[in-house]
Amino acid sequence: MELSELTIKEASEKLSSGEITSLQLTKAVFSKIEQIEPKIGAYITLCKEIAIDMATKSDQRRRAGKVLSEIDGIPIAVKDLFLTKGVRTTAASNILDDFMPAYESTVTKKLWEAGAVLIGKTNLDQFAMGSSTETSSFNTATDSNSTTRNPWDLERVPGGSSGGSAAAIAADECIGAIGTDTGGSIRQPAAFCGITGLKPTYGRVSRFGTIAMASSLDQAGPMTKTVEDAALLLKYISGHDSNDSTSSTIEVPDYCHDLENNIEGLKIGIPAEFYGQGLDPQIKKLIDSALELFEQKGAQIVPVSMPIVKYALAVYYILMPAEVSSNLARYDGIHYGFSKLKENDFTGSILDVYQQSRAEGFGAEAKRRIMLGSYVLSAGYYDAYYKKAQKVRRLVKNEFEKVFNDVDVLVTPVTPTVAFKAGEKIIDPLAMYLSDIMTVPINPAGVPALSIPVGFVKDDGKKLPVGMQIIGPMWGEQQILNLGDSYQKLTNWHKEKPLIS
Amino acid sequence: MSHISTEQIKHIAKLSRLSLHEEEIKLYSSQLSSILEYVEQLSEVNTDNVEPLSNVTGLDNVIREDVIVQNIVSHEDIKINTPKFDKNNFVVPGVFE
Numbered sequence: 029m030e031l032s033e034l035t036i037k038e039a040s041e042k043l044s045s046g047e048i049t050s051l052q053l054t055k056a057v058f059s060k061i062e063q064i065e066p067k068i069g070a071y072i073t074l075c076k077e078i079a080i081d082m083a084t085k086s087d088q089r090r091r092a093g094k095v096l097s098e099i100d101g102i103p104i105a106v107k108d109l110f111l112t113k114g115v116r117t118t119a120a121s122n123i124l125d126d127f128m129p130a131y132e133s134t135v136t137k138k139l140w141e142a143g144a145v146l147i148g149k150t151n152l153d154q155f156a157m158g159s160s161t162e163t164s165s166f167n168t169a170t171d172s173n174s175t176t177r178n179p180w181d182l183e184r185v186p187g188g189s190s191g192g193s194a195a196a197i198a199a200d201e202c203i204g205a206i207g208t209d210t211g212g213s214i215r216q217p218a219a220f221c222g223i224t225g226l227k228p229t230y231g232r233v234s235r236f237g238t239i240a241m242a243s244s245l246d247q248a249g250p251m252t253k254t255v256e257d258a259a260l261l262l263k264y265i266s267g268h269d270s271n272d273s274t275s276s277t278i279e280v281p282d283y284c285h286d287l288e289n290n291i292e293g294l295k296i297g298i299p300a301e302f303y304g305q306g307l308d309p310q311i312k313k314l315i316d317s318a319l320e321l322f323e324q325k326g327a328q329i330v331p332v333s334m335p336i337v338k339y340a341l342a343v344y345y346i347l348m349p350a351e352v353s354s355n356l357a358r359y360d361g362i363h364y365g366f367s368k369l370k371e372n373d374f375t376g377s378i379l380d381v382y383q384q385s386r387a388e389g390f391g392a393e394a395k396r397r398i399m400l401g402s403y404v405l406s407a408g409y410y411d412a413y414y415k416k417a418q419k420v421r422r423l424v425k426n427e428f429e430k431v432f433n434d435v436d437v438l439v440t441p442v443t444p445t446v447a448f449k450a451g452e453k454i455i456d457p458l459a460m461y462l463s464d465i466m467t468v469p470i471n472p473a474g475v476p477a478l479s480i481p482v483g484f485v486k487d488d489g490k491k492l493p494v495g496m497q498i499i500g501p502m503w504g505e506q507q508i509l510n511l512g513d514s515y516q517k518l519t520n521w522h523k524e525k526p527l528i529s
Numbered sequence: 044m045s046h047i048s049t050e051q052i053k054h055i056a057k058l059s060r061l062s063l064h065e066e067e068i069k070l071y072s073s074q075l076s077s078i079l080e081y082v083e084q085l086s087e088v089n090t091d092n093v094e095p096l097s098n099v100t101g102l103d104n105v106i107r108e109d110v111i112v113q114n115i116v117s118h119e120d121i122k123i124n125t126p127k128f129d130k131n132n133f134v135v136p137g138v139f140e
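Residue numbers (the working numbering), protein chains in the order written: chain A, 29 to 529; chain B, 44 to 140.
Incorrect hints may appear among the rest.
To be verified - Restraint ranges, calculated between C-beta atoms of paired labels, are given here:
hint, chain 1, residue 1, chain 2, residue 2, range
1, A, Asp-380, B, Lys-122, 21 to 31 Å
2, A, Ser-317, B, Pro-95, 38 to 48 Å
3, B, Phe-133, A, Lys-430, 49 to 59 Å
4, B, Ile-121, A, Glu-524, 39 to 49 Å
5, A, Glu-429, B, Ser-77, 30 to 40 Å
6, A, Leu-321, B, Lys-122, 57 to 67 Å
7, A, Glu-30, B, Lys-53, 48 to 58 Å
8, A, Gly-306, B, Ile-111, 51 to 61 Å
9, A, Glu-33, B, Val-116, 53 to 63 Å
Bear in mind the hints are in silico, worked out from the structure with no lab data behind them. All values derive from a computational prediction rather than experimental measurement. For each residue, glycine too, the CB sits at the ideal point set by N, CA and C.
Bound conformation, chain B alone (with noise of 0.2 Å):
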């Protein structure tokens, strides 16, 4: 199971939106295969009846009022490190024909 081939990782690529070249495919297909092959001694721990942990200090969902803050950033702020903007609005090759 842990191998994984030149062609799952290019699938993986489209998913994480790289585009790599032949020879990053082949190189990540041995390194992801190996790291995958480490991981995958805990399949050797019984996990049965075990819930999932993902926050360590014991929060559940942290709500708050749905209120208007004070904004701490200014259109003038964003557009010193945009690569297109144009009457503050972030501008971007067409979507649609």
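Bound conformation, chain A alone (with noise of 0.2 Å):
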């Protein structure tokens, strides 16, 4: 077994028993890295100099008896969307091409504090609007001159946003990741590239120095090998930030330590409108032998209905858009990023200077995303789309709320779909936006859900992983972890690695 196939826990175990180094861990990283990456295209930027001076400085740490925690000496690979002081930040556009940040992200400057490593930052798809990694401006997978390509099947797409992080796990490229999700950028990719994702409550992990897309949406979390290792991370990215004022002063848990497997009396709710048309059979056969296995341990199996929550894709679709349209609006052409002020023969008015910096540096999908969002947020338009958008979140709200009186947790498919292969959905924007249709309503609702490997399909001769989701009521990180780890204590699909050819 290679180094880089560890998983967090038992990469730190070995690391407390002084089997192995951080600087051997990183360097077996790095060089799996090199092997496979022209195929793979994980990563946009790579930090071998400062991976292997912040492993060094691990490995010194520990000599001297001072560890900063469990995860000190691990190399994790970042999203492009986190801030990193001195390490160049794209968000996958041109238009941060050269972007070099002024400060840490707090998760990242968390990560580090806890004495982690950085491997790199990986591809997504621009500004993290997408579902399969093609927005992205930068083809990292050199090879097939394309952005991220899928481990199970090259030809495919590994899902987006968190497209490049869900790669570099599913091809052991990095020992831990880390993602962001504002419709289901950890919980997609993690479904079609087999690995383990969460996205937690809204307001668990402070979004400063995370690249915005939608503030009222958008949330980071681990994205790992195994549900341990995403407890274990969780916990260190977590907690109250003076810089962000939405995340939440409720204390956070020892979720790794606390994990417990007994799932006897547990309710797990089966919500119909979630295995609706459009649904592989294959993926519902594999989740319905879980939910098997699960009731053989003692849990209740019970069906529940959610009415509302079919109009949670149609709230996304104005709510986000209007965020980005005001979000976006920072990148002018001034003060950073891609500028028409940088060409010596450039003689326009101020107002040359932000829509031809603009129309030059954004890709198409964040230019649909803004255009879309300035219309539903116009005058005249302001009450029928946005002002009923947040009425009818309200109304989604209320029915997760409502269906947690009943049940525990609920389990559905994270995708209707497999992984798609690359060009099949990027010409049409609404088939893109349909295929997240079972994981955009968690993220108005606030709940936090789980995205693990539940088995695999044949699709065109090809050997595919499902996902299985666990959604939670508000704060129910534990009750989920708790489920999804009891899941993979019983079976072997989460160890399963994709043979790249």
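Grab the two chains, each in its own frame, and use the hints to assemble them into the complex.
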């Protein structure tokens, strides 16, 4: 077994016992990256020098008996949406092609304070807008001159927007990773790549220094090889931050040490609305087998109905672009990023600087969402679209609250299909949006949700992973991690590795 | 109501500070129309007496003391990202004649 295949927990134990050093582990990760990165293209920026330095310092601390945490010395991949001081941060957009952050995001600051090692910045859909990593401005998979590819089938997308982080975990190009999730951007790529991904409760993790897409929906979370690892990483990135007034002051539990595998009497709700038209029957079969297993272990399967939830996608596609149009107003060609002012022969007005820098800097999906957002917020349409969507958002949230009076968790598929082929959906934005129908409703409600591997299906002769979504009530991370961990203790799907050819 | 004309697209592009090509205007007109057609299903939902929701954790206004904190961003850090920076000021084309 190669060291790069280790989970965070395994690596942490080997570091503790002195069996390996962080430097050995970090070098093993980079040698894996050197082998397969041209095929996968998980990273926009690799930080080998920084990583070697961080690992060396971690080993020095360990020798001096000054270990900072359980993740001290663990190589982590970070979505290129988190500001990292002195390390180029692009949001996978040309408009930030040469951007050097002046400060560190809270999430990454917490990771480095706990001793973690930065391997690199992973690819994503531009500004986290997309479900395939195809809206990225960067062709990171140099062999095929394309954006990130799925390690299980190089013809397919890794999902998105955190596609680079998901692919990096699946291909053992890191030990743990961090992503963000606004409408499924952690869970959907986790499902497509056969890894574990958690979207925490809104407010659990600080958004400070995370390039904003839709501020009332964005949430950072762990992307890992196991549920245990997700529980471990979550503890280190969570907590109140005075720089993000929406971050919660609720105490952060020790999720990993508190994991509990007894599911006897647990009430698992099955909302029929998530099992509707378009769901691949092979995926349904795999979820059904997982439910049978839970039942055998004493859980109760309870059919539930959530009639409002089908409107959540429409709510999302009004509120999200509205927030996008306002968050992306900051890219003005004056303060930072791509700018017409850098062109020597540019003689335009200040309005030209704005309009032309933005037109050339932003990709098509970003522009589409800015336009849509400006429209739904504009005079005459605000009440019909934006305000109406905010009202239905409350009904969606109420519906989740109500269902959690009756059950402890909900179990659903993550996606209606397995990973699709590159180029298949990028031409039709609405088709791409509809592929997120099972993950999107979670974000407007604010609740946490976990995606874990639940088996494989054959599609076009390829073995492709399938994800199961476990949804919990507000601040119910422990409950969903418990059920996910129980499942991984009973099955081995999460241990399967792609054969990258 | 859902069809967005190219004239409307031009207006929204102006509000959004995006200069678009004719081709993009046509494309966005059809794409935005189909997205808006999709979201119009919300009109089926009765929202009488429902308050809009913007924050899911129940926060209202979060206030703090207005105190000076040490600035974490230096002029040097700003300068490296700025197209035109002079004597710690951003330089832009003249706004007034």
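Is 51 to 61 Å respected by the C-beta to C-beta distance linking Gly-306 (chain A) and Ile-111 (chain B)? Holds: the Cβ-Cβ distance is about 55 Å, inside 51 to 61 Å.
Holds or violated: 30 to 40 Å for the Cβ distance of Glu-429 (chain A) and Ser-77 (chain B)? 33 Å, holds
Hint check for Val-116 (chain B) and Glu-33 (chain A) - Cβ pair distance inside 53 to 63 Å: 40 Å, violated
Range hint 38 to 48 Å: satisfied by the CB atoms of Ser-317 (chain A) and Pro-95 (chain B)? 42 Å, holds
Outcome of range test on Cβ distance (Phe-133 (chain B), Lys-430 (chain A); 49 to 59 Å): Hint holds: Cβ distance 51 Å, inside 49 to 59 Å.
Verdict for Glu-30 (chain A), Lys-53 (chain B) (Cβ pair) under range 48 to 58 Å: At 56 Å between Cβs, range holds.
Confirm or reject the claim that Asp-380 (chain A) and Lys-122 (chain B) have a C-beta distance inside 21 to 31 Å. 23 Å, holds
Honestly, do Ile-121 (chain B) and Glu-524 (chain A) meet the 39 to 49 Å range at C-beta? 48 Å, holds
Leu-321 (chain A) paired with Lys-122 (chain B), Cβ distance criterion 57 to 67 Å: 59 Å, holds
In terms of the numbered hints stated before, the structure departs from hint 9 and from no other.
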